[in-house]
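Just so you know, the sequences run in chain order A, B and C. Residue 191 is where the first sequence ends in this note's numbering, and the numbering goes up by one at each step. Residue 536 is where the second sequence ends in this note's numbering, and the numbering goes up by one at each step. Residue 251 is where the third sequence ends in this note's numbering, and the numbering goes up by one at each step.
Among the clues, some could well be false.
The list that follows gives simulated cross-link-like pairs (lysine to any residue, SDA-like), each with its CA atoms no further than 20 Å apart [said to hold, decoys possible]: (1) Lys-510(B) with Ala-527(B); (2) Lys-138(A) with Leu-151(C); (3) Lys-188(A) with Lys-238(C); (4) Lys-250(C) with Gln-115(A); (5) Lys-190(B) with Leu-144(B); (6) Lys-188(A) with Trp-509(B); (7) Lys-189(A) with Val-226(C).
What follows is a list of derived Cβ distance ranges for each label pair [what the hints assert, rightly or not]: (8) Leu-416(B) with Val-184(A): 55 to 63 Å; (9) Leu-151(C) with Ile-116(B): 50 to 58 Å; (10) Leu-416(B) with Leu-151(C): 50 to 58 Å; (11) Lys-238(C) with Glu-531(B): 53 to 61 Å; (12) Lys-238(C) with Glu-195(B): 40 to 48 Å; (13) Glu-170(A) with Ala-233(C): 26 to 34 Å; (14) Ala-233(C) with Asp-502(B): 22 to 30 Å.
Here are some chain C residues pointing at chain A (derived, C-beta under 7 Å) [said to hold, decoys possible]: (15) Asn-178; (16) Asn-196; (17) Leu-207; (18) Val-211; (19) Ile-217; (20) Leu-228.
Just so you know, these hints were derived from the structure itself, not from any lab. Just so it is clear, CB atoms sit at the ideal spot from N, CA and C, and this is done for glycine as well.
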Amino acid sequence: MAPVATPFFFYLLSGIMLIGGILVITRKNPVHSALALIVTLLAQASIYLMLYAPFVAGVQIILYAGGIMVLFLFVIMLVSIDRSMKERQFNSQWVVGIVAATALGGLFIAVYTKGKDIFPEHALPMVENDNTQQIATMLYGQYMFAFEIASLLLLVAIIGAVVMAKKRI
Amino acid sequence: MGQIIQYIRSYLSSSQTPGAAGNMFWVLVYILLVFAGLSVAVIAMNWLERKILAHMQVRLGPMRVGPHGLLQPIADALKLLLKEDIVPAEADGLLFWVAPFVVVLAAFTVFVVVPFGPTHAVTDMNIGILFMLGVSSLSVLGIVMAGWASNSHYPLIGALRSSAQMVSYEVAMGLAVVSAVLMTSLNAEGTGTLSMIGIVQAQQAQGEWFIFKFFPLGLIAFFIFAVAMVAETNRAPFDLAEAESELTAGFHTEYSGFRWSLFFLAEYSAMIAVSSIAVTLWLGGWLRPFANMLGGHTWDQVFSLFPGVTFLLFAAMCFYNTVRMPKHPLFRVQTIGLAGFGVVLGLIGLILFIPAVSTRIQDIFWFAAKVAGFMYLYIWYRGTFPRYRFDQLMRMGWKVLLPLGLGVLILTAGVALLQEKLWHP
Amino acid sequence: MESMLHITTLHYLVLGAALFLLGVIGVLTRRNVVIVLMSIELILNAVNLNLVAFSRLWGGLHGQVFAIFVITDAAAEAAVGLGILIAFFRNKETVNIDEVNLLKW
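Construct the entire structure; sequences and hints are all you get.
So, in structure tokens, the structure goes:
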């Protein structure tokens, strides 16, 4: 199904994402930051739906919002934050950080204003009906090696996380 | 007026869900209908749970509030709305307020893709089953936030235990779902589908429900999902995290009044949602039973009488109990109320005999009947099984259900490949 | 105004760049390690948005497949990063980046 009312939803969702992003980096309480990040991730899943990528949207909701954020919330609750919430919240090199980010922002603006003519006027047509089937064909066909390496990576990550978080090995 | 009827009639004969057709008005109507139906179902579940549990324990349950306690859920709802809204002093205000809403949101958004019929869904997403699994895993976030925001020991431990349990059994659920989705690809083109309506249509095309396919693989996959879904919704026998004798009330200890009723609403909606997944994936969704063995036009007619007959049976039970009511002046109102309820049910049953209504209600009736069977199973489990200890629960999730799910998946894939090679070379 | 109503690929790229900037600011300026890790997730999401936007532009699905791999890698990296955080917290009882200086001379 084609996206409806694209400008309205795009600006609404991008506003939600940007506000969520700003809240992530400025809240003192890490649980509030995690909540803002969840909102940002869910808004991003909706933007994926607008970009004809329903499978990536589903994976984003399941893995990112339903998996990684639960992991973050667990760790935030295990690590005591009361003392850290009363201290200063910006670290000792924040000036350099802001200068570097401003330079990066200037770079982005320069690149995008210079190169905005290279994009074709209208995007190529894409169907959405068999998006999952096509992704599956590519994952298990062309990108099979990368798929196996990714599963090996997940195995290594599981073992590593368990070993590091154990009390006694 | 005639134009409105014309518009309604022209819509009812469409062949797409309103979401796929882009028809926003009917999408809203369907959403309201699903919402209303869900609320009625939750209220009925409340009454049914107390009565059935009571009868299993050889007692009567609520009998006072209405005839046979039929108005008890309304009394409960009134009590919860009028209770004082207590917020603990040290609680985190924003999280305490947001947590019930996140859980309710996750439990209700799932119903956007639940298929009550071939065109009776709000929309038919391409990734239907993935969407349902993903959004129902968002309720874990709400539970963790609720436990954290209460700023007290019992809710925190209860929340961590609940969420660890839900996350563990989601893996087993996912594997069972994958082996069912694998069976949808055994058609002529060799393409499966993740859309809920597509899965039921695959069962219709292949002529058997997936629970009976590749016997016993479909049955074992269904069994894994049936156990995992009870653990996913924190119901007995996996309800250690909210059992009253263990942890006061778990993650919703500090919630009172309306906020608690939101958790309660979300729990029953989540139960109905995962039962809908089980019914769609393994029990043939909206398809009538014995579509192959008892096929043909006359059997179709016979089975189309079932909705009306069911409601007439309910009406008959109401009238029978009216006659058995004590003949005392204090019971007069209850007797008249029960008789009135029986009359209403009988009228609904008679309306369902009209062919024009019956052809449209068929699919919804069979789907609702199967989900109602699952709800009865949930109540039966609660009345029968002792509670699992938390380490036994986690051991079963990771060491029993996960290897079993993997084995079923590999065997299903192997048998499907063999079938493709041997019978359709 | 007309160009703002027609959503082109450039709109998505600018949104991705803004998210990337927010993530970079978060990584460079916050003290709490958990919030730094969450800003890294913001950065990865901005990259995913770019990938999927370009996949939409050119009509192929390579960008989406790459985005799925990025999400998988982000999950693995978050798990390992939080494991390191827990191990470090067990030793030093703080989640302050400024005190992660055991190797300082």
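Identify every previously stated hint that the structure contradicts and give their numbers, smallest first.
1, 5, 9, 16
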